[in-house]
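Trainee: Join these two chains into a complex; the hints should help.
Residue numbers (the numbering used here), protein chains in the order written: chain F, 1 to 110; chain B, 1 to 116.
The set of hints was computed from the structure by calculation and includes no laboratory data. Treat the hints with caution; some may be incorrect.
[To be verified] Simulated crosslink set (DMTMM-like; lysine to aspartate or glutamate; CA at most 20 angstroms straight-line): (1) B:LYS55 to B:ASP65; (2) F:LYS97 to B:GLU63; (3) F:LYS97 to B:GLU52; (4) F:LYS55 to B:GLU59; (5) F:LYS50 to B:GLU52; (6) F:LYS97 to B:ASP88; (7) B:LYS41 to F:GLU53; (8) F:LYS26 to B:GLU59; (9) B:LYS14 to B:GLU52; (10) F:LYS68 to F:GLU58.
Listed here are the chains, written in short residue letters.
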Amino acid sequence: QQPVQSPQAVILREGEDAVINCSSSKALYSVHWYRQKHGEAPVFLMILLKGGEQKGHEKISASFNEKKQQSSLYLTASQLSYSGTYFCGTEGPSWGKLQFGAGTQVVVTP
Amino acid sequence: GAVVSQHPSWVICKSGTSVKIECRSLDFQATTMFWYRQFPKQSLMLMATSNEGSKATYEQGVEKDKFLINHASLTLSTLTVTSAHPEDSSFYICSAKTSGFTDTQYFGPGTRLTVL
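With the rest of the complex left out, here is chain B (with noise of 0.2 angstroms):
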């Protein structure tokens, strides 16, 4: 149980276009989701955290304009990078939690993103 999918594993695309990530939990309701960025050889970091049915909750320093989320059920988060750039090539990954306060958070595969 417990099993968080990211689809696409991998995506290139060229400056200035616009990357679309799914986030699905596949056994489990999710009424919180996160997305993290993770640069080589370095932490997680958080971006912001995605409640269903509500705006995300952005971290600080993270443009909301840029990096779109949507919660849309209790098992699919999208994150949209608007515009990409070179600079935003990273590994993204989201993770999923279900209401307690202290469950587990279960990852997705995560997503390599490279802009051209």
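Looking at chain F on its own, in the form it has when it is part of the complex (with noise of 0.2 angstroms):
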């Protein structure tokens, strides 16, 4: 079953902070998150593993809480290049695939 992504879309300025969420109705393993722009293939940022995992990179962070079944994904001091349309995708104990978000689409404006 395709986790729930939320909010739908986000417009930021440059320099502000967003968090978008992933929620699934069954017990996750791991959450990967994607980043899509137009017309090209989604771009891994980042896997987070059950155990309450946090990751980061540069300004980019998650975290993980799986006895809630859900993964936050936090956009610190946004930047132009942020753009793109943001994908979760969550494995089950044995699933050994992922099941991807409908996507939440970013805008950073100057």
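Mentor: Here it is as structure tokens:
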């Protein structure tokens, strides 16, 4: 079953922060975050494993709450290059494959 | 590292013809490759999982006789859309991962298929 992402879209000014949420009704083993720009393939951002991981790369970070079966992606001090559609992909304990959310479109303006 | 290529980048074909799309992992061995389909402004919909040397596993609702998948080696998987029709027009993306259960899936650049 497809995870639920929110919000569907967000518009930011450069330097502002945003949070994207991803929740599942099923038990999760891991959550994968990707960013896709128009007409291009998704680019891997990070994986979070069960155990309550938090990770970050530069000013993009994420957390995974396995008890709540949800993950959040934090865009801090957003840059123009952060624009794109962000997808979470969830993996269950026995799936071996990802189910992707509907995506969150992020637009960062000057 | 972890580069996945797809060929062709785009293809336009006539209705009724078959189209083959190649997916290659360039710098790693991919025991598992995945094929996705994406409509404009929509999510990635998994079509099938392809393991080297074995038959592909198709998701519910995906016609295996229409979308033929072959994973002949650890670096190459092919998707053949047989007897393509306009409704098959879409963005097809492959991804590849190594043998670890939670290993990252690396995506290819995608193939835009337009069926006239």
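Trainee: Could you run down the list of hints and mark each one as holding or not?
Mentor: Hint-by-hint comparison with the structure:
1. B:LYS55 to B:ASP65: holds, 12 angstroms
2. F:LYS97 to B:GLU63: holds, 19 angstroms
3. F:LYS97 to B:GLU52: holds, 15 angstroms
4. F:LYS55 to B:GLU59: With Cα atoms ~31 angstroms apart, LYS55 (chain F) and GLU59 (chain B) exceed 20 angstroms; violated.
5. F:LYS50 to B:GLU52: violated, 28 angstroms
6. F:LYS97 to B:ASP88: Status violated; Cα separation ~23 angstroms.
7. B:LYS41 to F:GLU53: violated, 30 angstroms
8. F:LYS26 to B:GLU59: The given pair, whose Cα atoms are some 18 angstroms apart, holds under the 20 angstroms limit.
9. B:LYS14 to B:GLU52: Measuring from Cα to Cα gives roughly 31 angstroms; hence the hint is violated.
10. F:LYS68 to F:GLU58: violated, 26 angstroms
In terms of the numbered hints stated before, the structure departs from hints 4, 5, 6, 7, 9 and 10, listed from lowest to highest.
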